[in-house]
Amino acid sequence: MLDRSLAAIRGTGHRVVNGVWRLGFASRFFLAVLLHSGISFRRFQLTIKEIYFSGVLSLIIILVSGLFVGMVLGLQGYETLQKYGSESALGTLVALSLVRELGPVLAALLFASRAGSAITAEIGLMKATEQITAMEMMAVDPIARVIAPRFWAGVISMPLLAAMFSAIGVFGGYLVGVVMIGVDEGQFWSQMQSAVDFRLDVMNGVIKSCVFGVAVTAIALFEGYDAPPTAEGVSHATTRTVVTSSLAVLALDFLLTAFMFRGI
Amino acid sequence: MERTTLDLWVGLFVVAGLAAILVLAMKVGNLSTFNMSESYTLQADFDNIGGLKSRSPVKSAGVVVGRVTAITFDNKTFRAQVSMVIDKRYQFPKDTFAKILTAGLLGEQYVGLDPGGDEQVLKGGDQITKTQSAVVLENLISSFLYSKAAEGDAKK
Amino acid sequence: MPTENLVEIRDLNFTYDVRPVLQGINMDIPRGKVVAIMGLSGCGKTTLLRLIGGQLKPSQGTVKVTGQTISALDQQQLYRMRRRMGMLFQFGALFTDMSVFDNVAFQMREHTDLPEALIRDLVLLKLEAVGLRGAHDLMPTSLSGGMARRVALARAIALDPMLMMYDEPFAGLDTISLGVIGNLIRHLNDALGATSIVVTHDVQESMKIVDYIYFMSGGKVIAQGSPDEIRALDSGFVHQFVHGEIDGPMPFHYPGASYAADLALEPAHA
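Chains as they are written, first to last, in the working numbering: chain A, 2 to 265; chain B, 19 to 174; chain C, 932 to 1201.
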C-alpha cells in the first residue's frame, strides 16, 4: 500500500519534472530558431520551397472548408435572424464571425492537422534516418537550414490562408443568403460594410492568425525535432502535434480575443 | 538560381492571400467607404450619450457621413464630449442639430445630424452647439409612470 | 611528416547516463592510413566516431584531431573542423527530399560560392568516382542499399576531406556491393591523400583493405595490430571474433538467471 502510493507520488513528480524540462528545452529550441533565422531570408528560396509545402498544398482544404463554413453560417444565421425580422443583418453576422473568429481559428486548426503533422513527421523521419546528424557532421546547422525556413514559411502562410478562408466563407454566406434564400443583396453588403471595421476586425483577425501560425509551426517543428528516432516515436509526436497545437490555438484565441475586443 | 514552377505556385498563393485580405478590407470591411485622410473633425457636447460608442456611425438623412472617434467626460460641465470625423465631401451649416438616435427599436446608436439654415458651414474643430441627448429607456418609462400616477391622483 | 598522427585519443572515457560506454581508450590514427575499429555491436564503436566528430563530449580524456582538442572547440571552430571531415553513415542518411545530384552538391552549395557550372562538374566527378554518374537525377528513395551508400560516399568526399569516417560501411550489403565499397574506401583514401577510420564488425572484408586494426570489447581496446598480426593471434576473444566461432570467451547466452530458474523448475532465490 505504502509502496504503491510512493510509486504514484514518484511517478507524478517524475512527469512534472519531465514536463518542465521539456518546456525549457522547447523555449531554448524556439529561441535558437529565431536566432538562426538569417539564412531563411538571405536564401529565401529555401523558405519559398517550404511555403509551397505547407501553404500552397493546404489551399484546397482551406478553400473547401471555408466555403462550407460560410454556407452553414448563412443558413443558420438566416434561420435565427428571421425570427427577429433582421435578415438584413445576415451579412454582418457571417462576416464578423468569420473575420474575427472562425477564419483564423478554423484555418489554424486545419493547418495544424494538414501541414503541422506533415512537418512533424518529416523532421522526425529526418532525425530517425540520421539526416539531421549527417547535416551536423557536414558543418551545416540543421536549425538554420531545416527548421528556420519551415518556421517562417508557416508564419507567412498562416495569415494568407486565414484571409482566404474568411473571404471564401463570406462568399459562401453570400451564395446561401442572397442567391439561394433571397436576402436583399444591397443590405447584405452594406450592413456588413458598416459593421466590419478594417483595423478592429480585419487587422485583428490577421494578427490572430499570425500568432496561430507561430504557435502551430513552432509546436510542429519542436515535436518533430524532439521525437524519439523510431517509427513509434514519430507517430506519437505527430499525434501530439495535432492535439497540442489545436489546444494552443483555442487557448491563445481566448487570450487574444479578451485582449483585443475588451471593452468595445 | 533559376525560376521554377514551384516559385510560380508560391507567387500565386501569396497573391491570392493578399487579394483575400484586400477583399476583406474593401468589400467586407469599411475601408473603401470611409477615407480618413479626407475628413474634418467636429465636436459636440451631450447631456447623455446613452449607448453611443467610439466608431459609431454619424448619419445625416440616413447616409453615413462620418464616424465617432472619441468620447470623453468633461469634468467642469459634467457633459459628454463627442468627437467625430466627417467626410470632406459633406458640409453642414453652423446651426446643425446633433441628436443621438437608435437604429430600430433595439439597434445600435448613432449620431444623427439635422442641417439647419445658416449660410456659414462648420469647419474642422468646430463645436456643434445644438444637441439632443439619447433617449434612455428607463427615464422614458419612469416619466411615463409618474405622469400616469399624477393622472390617477388628479382623478381622485 | 608522414608518420604524424592525424587523430590522437588519450584516456578517453564516456559515460551514457550512468552506463560506462568507453573506458580508458588510447588510439593513434596515423596520417594517410586506413584504420579499422572492430568489435561486436554495442561495444561503443559508433560512440567513438561521434566523439571524434564532436557530436558527443567525452566524460574524461581527450580526442585530438590535427593537434586540436575537439571538445574544447566552440561551435564555429567545430564546424570549421567538420568541413574537413567526411562521414559515411550506416544507412547513408541521404537527404530524401533532394535528388542524388543535389545531395552531392549540398556541401558545395552550403560552404562555397562556386558557380553552378563548376559545382555541376565537381558533382559529376564525385559521382563518377563511385560509378554512379548516370544516376545523378534519381531520387534517393529509388536507389538500392548499395547504391545509396555509394551516393552517400560521394557526398562525404564532396569537399575532399582530410579525415573520412565510415560507420558500418559493410552492414546489410550483398557480396558484390561489399567488395565495391571496400575497394572504394581504399582507393578514395589513397587518391585523396586522406586518412580513414572504418568502424565495422565485418572482419573478412575489412582485413583486406585496412592498414591497422583496433579491437574493442566492453568499451576497452583489447587488441591492436596489422591485419596479419591480428590473424596470427590464436587465443581468446579476438580469435573467436576473427574466425566467427559461436562460443568462446564471448558467451552465446546473455547473462541471466539460470534456464531452469526461468522455467520455474527451481526457486529463483534459492
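Just so you know, these hints were derived from the structure itself, not from any lab.
Predicted, not measured: the structure shown is a model, and the values here were computed from it.
Careful: at least some of the hints might be erroneous.
Calculated pairs, EDC-like style, for lysine to aspartate or glutamate (alpha carbon to alpha carbon, straight line, at most 20 Å) [to be verified]:
#1 A:K50 - C:E1041
#2 B:K112 - B:E137
#3 B:K141 - B:D65
#4 B:K106 - B:D144
#5 C:K988 - C:E939
#6 B:K45 - A:D4
#7 B:K45 - A:D185
#8 C:K988 - A:D142
#9 B:K166 - B:E156
#10 B:K77 - A:D198
#11 A:K50 - C:D1105
#12 B:K77 - B:D105
#13 B:K77 - B:E56
#14 C:K964 - C:D1105
#15 A:K50 - C:E1160
#16 B:K71 - A:D198
#17 B:K148 - B:D63
#18 B:K45 - A:D198
#19 A:K50 - B:D144
#20 C:K964 - C:D1091
#21 A:K84 - B:E126
#22 B:K106 - B:D136
#23 C:K1139 - C:D1091
#24 B:K117 - B:E56
#25 B:K77 - B:D113
#26 B:K148 - B:E137
#27 B:K148 - B:E56
#28 C:K988 - A:D185
#29 B:K45 - B:D65
#30 B:K117 - B:D144
#31 B:K45 - A:E131
#32 A:K50 - C:D1068
Hints, one by one, checked against the model:
Annotation: proposed proximity of K50 of chain A to E1041 of chain C holds, straight-line Cα distance about 17 Å (limit 20 Å). Pair hint K112 of chain B plus E137 of chain B holds up; C-alpha atoms about 8 Å apart against a cutoff of 20 Å. As the CA atoms of K141 of chain B and D65 of chain B are separated by approximately 23 Å, the hinted pair breaks the 20 Å bound. A C-alpha spacing of about 14 Å is found between K106 of chain B and D144 of chain B, which places the hinted pair at or below 20 Å, so the restraint holds.
A hinted pair counts as satisfied when its Cα atoms are at most 20 Å apart, and K988 of chain C with E939 of chain C qualifies at roughly 15 Å. About 68 Å separates the Cα atoms of K45 of chain B and D4 of chain A, which puts this hinted pair outside 20 Å; it is violated. A C-alpha spacing of about 16 Å is found between K45 of chain B and D185 of chain A, which places the hinted pair at or below 20 Å, so the restraint holds. Restraint check: the Cα-Cα separation between K988 of chain C and D142 of chain A comes to about 18 Å, which is no more than 20 Å; the hinted pair holds.
Between the alpha carbons of K166 of chain B and E156 of chain B the distance comes to roughly 15 Å, so the proposed pair stays at or under 20 Å and holds. Distance hint between K77 of chain B and D198 of chain A is fulfilled; the C-alpha atoms sit about 17 Å from each other, no more than 20 Å. Annotation: proposed proximity of K50 of chain A to D1105 of chain C is violated, straight-line Cα distance about 37 Å (limit 20 Å). The suggested pairing of K77 of chain B with D105 of chain B holds, with an alpha-carbon distance near 11 Å, which does not exceed 20 Å.
Between K77 of chain B and E56 of chain B, the direct Cα distance comes to roughly 17 Å. Compliance with the 20 Å bound is thereby established for this hinted pair. Our distance criterion of 20 Å between C-alpha atoms is broken by K964 of chain C and D1105 of chain C, whose separation comes to about 26 Å. The straight-line distance between the Cα atoms of K50 of chain A and E1160 of chain C is roughly 55 Å, outside the 20 Å bound, and the hint therefore fails. A threshold of 20 Å between alpha carbons decides the hint, and for K71 of chain B with D198 of chain A the separation of about 14 Å falls inside it, so the pair holds.
At most 20 Å may separate the alpha-carbon atoms for a hinted pair to count; K148 of chain B and D63 of chain B meet this at roughly 9 Å. Between K45 of chain B and D198 of chain A the alpha-carbon distance is near 11 Å, which keeps this suggested pair within the 20 Å criterion. The hinted pair formed by K50 of chain A and D144 of chain B fails the criterion: a straight-line CA distance of about 57 Å is larger than 20 Å. With a C-alpha separation of about 16 Å, the suggested pair K964 of chain C and D1091 of chain C falls inside the 20 Å cut-off, and the hint holds.
Of the pairs offered as hints, the one joining K84 of chain A and E126 of chain B holds, with about 19 Å between alpha carbons and a cut-off of 20 Å not exceeded. Simply put, K106 of chain B and D136 of chain B have alpha-carbon atoms about 19 Å apart, close enough for the 20 Å limit, and the pair holds. Distance hint between K1139 of chain C and D1091 of chain C is unfulfilled; the C-alpha atoms sit about 24 Å from each other, more than 20 Å. At roughly 24 Å between alpha-carbon atoms, K117 of chain B and E56 of chain B are farther apart than 20 Å, so this suggested pair is violated.
Proximity of K77 of chain B to D113 of chain B is assessed by CA-CA distance (about 16 Å); at most 20 Å being required, the pair is judged to hold. Among the hinted pairs, K148 of chain B with E137 of chain B is consistent with the structure: their alpha-carbon atoms are about 16 Å apart, no more than 20 Å. A C-alpha spacing of about 25 Å is found between K148 of chain B and E56 of chain B, which places the hinted pair above 20 Å, so the restraint is violated. For the hint linking K988 of chain C to D185 of chain A, the alpha-carbon distance of about 73 Å lies beyond 20 Å, and the restraint is violated.
Using a Cα cut-off of 20 Å, the hinted pair K45 of chain B and D65 of chain B is violated, with the two alpha carbons roughly 37 Å apart. Only pairs whose Cα atoms come within 20 Å are accepted, and K117 of chain B paired with D144 of chain B is accepted, the gap being roughly 16 Å. Straight-line distance between C-alpha atoms of K45 of chain B and E131 of chain A comes to about 51 Å, which puts the hinted pair past the 20 Å bound. Of the pairs offered as hints, the one joining K50 of chain A and D1068 of chain C holds, with about 19 Å between alpha carbons and a cut-off of 20 Å not exceeded.
The earlier numbered hints that this structure contradicts are 3, 6, 11, 14, 15, 19, 23, 24, 27, 28, 29, 31.
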